[in-house]
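*Asks:* Okay, here's what each chain looks like letter by letter:
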Amino acid sequence: MVRRSLSALGVAVVVSAGAVGCSNDTDEATTVLDVYAAASLKQAFTEIADEYARVHEDVDVRVNFAGSSALVTQIEQGATADVIATADEKTMARLGATAVDPEIFATNTLVIVTGPGNPENIVDLASLTNPELSTVVCAVEVPCGAATAQVEKNTGIDLEPVSEESSVSAVVAKVTSGQADAGIVYVTDARGAGDKVSAVTDPAFAEVVNAYPIAKVKGSPRQQDAQMFVDLVLGETGAAVLRADGFSPAPA
Amino acid sequence: MRRIPLWLYAPAVIGVVFILIGPAAVIVRMPWEEFVASVTSPESLDALRLAMVTALISTCLCLLVGVPMAVVFARTEGVVVRVIRALVLLPLVLPPVVGGLALLYALGRNGIVGQYLDDAGITIAFTTTAVVLAQTFVALPFLVISVEGALRSTDEDYEQIAATLGAGPTRTLWKVTLPLVVPSLLAGTVLAFARALGEFGATITFAGNLPGTTQTAPLKIYLDAINDPTAALPLALVLMVVALVVVVAVHLRPARAVAT
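Going down the list, the protein sequences come from chains F and C. Read left to right, the first sequence gives residues 1 to 252 (my numbering). Read left to right, the second sequence gives residues 253 to 512 (my numbering).
So the derived list for chain F, only partly shown, Cβ under 10 Å to chain C, looks like this:
| # | residue |
| --- | --- |
| 1 | S69 |
| 2 | T73 |
| 3 | Q77 |
| 4 | S134 |
| 5 | A139 |
| 6 | E164 |
| 7 | G178 |
| 8 | Q179 |
Everything labelled a hint here was simulated from the structure, so no lab data went into it. Backbone N, C-alpha and C fix where the C-beta goes; we use that ideal spot for every residue, glycine too.
Put together the whole structure using the sequences plus the hints.
*Replies:* Have a look at this one:
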């Protein structure tokens, strides 16, 4: 629910930004481009959509931010999306041929977040096995949870989380609100939370890299606009925005 | 009652179809070959058991404080009581997720009450207790409103007669006031139980999600549906059947009570 209201906010921001961009136009009908993007892309894609709307005054970009799996399910159930960007390749693969030419545009890794200043002195992943600490992770059903499970498997460290949250933003919220001592989230979420959290890394995280693919959606009547949006994300503008948010570039 | 305008049937039928089409679709699309295996998987059984147990406890809590609330609201005059009454019915109209946030800031580890509990070594966050509290929060007004409404429409003469015959207030409450509202009390109890059983938003916000501890059936349905909505259908049907039994129970009870 929180995520949904946040995404509504994101859409409102994008739409109003688009409206400002189009203020010179008279009542000319505008095209609406529906972009479905993983929750972790919220900041980056809001900015990129703004940029797109600035350049293409006749197009309004609406971004629907939600968990990757939820987005893919929505498209499977017939939601009309033009572009889809997910937080891992496995989720994108569920769309099969419906995802046209998926390309990796960024990568993300996990990190431990703690309260500001790391009050519990967490130094690495193994610190989280301390039974005194309450740790929250993503549920394995969502990409950040799948990545966390992979890290546990690689290291043999068995975390005993107090909660498996349905989205990475819910994990961040549990830590920033002080409910939990630590959480495992993406590097970008840790950066997005600013000084409300401290980040602690572990070498094991570098082994598990989530690659973010973006694709056009088959059957979209706005293939050309969709392609231009994809190009913007894959190009220098996208790279700069994504880098500023903490994403790593796609492997060459 | 017999002579109603015929045109009323059109919107009425649309309304009925609208409500029934969803449950029907769940049955039509149910992967029946997986139904038994899915519902009897240890995870599903855990989630169902947890939902039932917590909903039962929540319902008891609702009765313990809800009935006294209803009696006080129904039998006390004054602006203050009326204002308080309006305020405590808030969970009825609040989105449950807001209720969850409210509980978090009240009873969470850093909450205005929770911080002292934490100092005393009592942690509510991420425990089954948190699930029960979230359910009680959203279900309580259903019981209060149901019982209070019935109390307001009963004749206070009976209570006054009981008093003139020498019954004290407590005896009057048990022997006269409450027996008069038994049908509504049952209806309110069942409604509160149903609301608690289906509670999702406040639970996932306040209690989190951990299989066996805080993952009730609605939470499991939500997580199952993230990747594969079909996988969530079997458990969804079980909850639907339970809800149906509950609704039937509520609607048959008062009717029979009126008839006799």
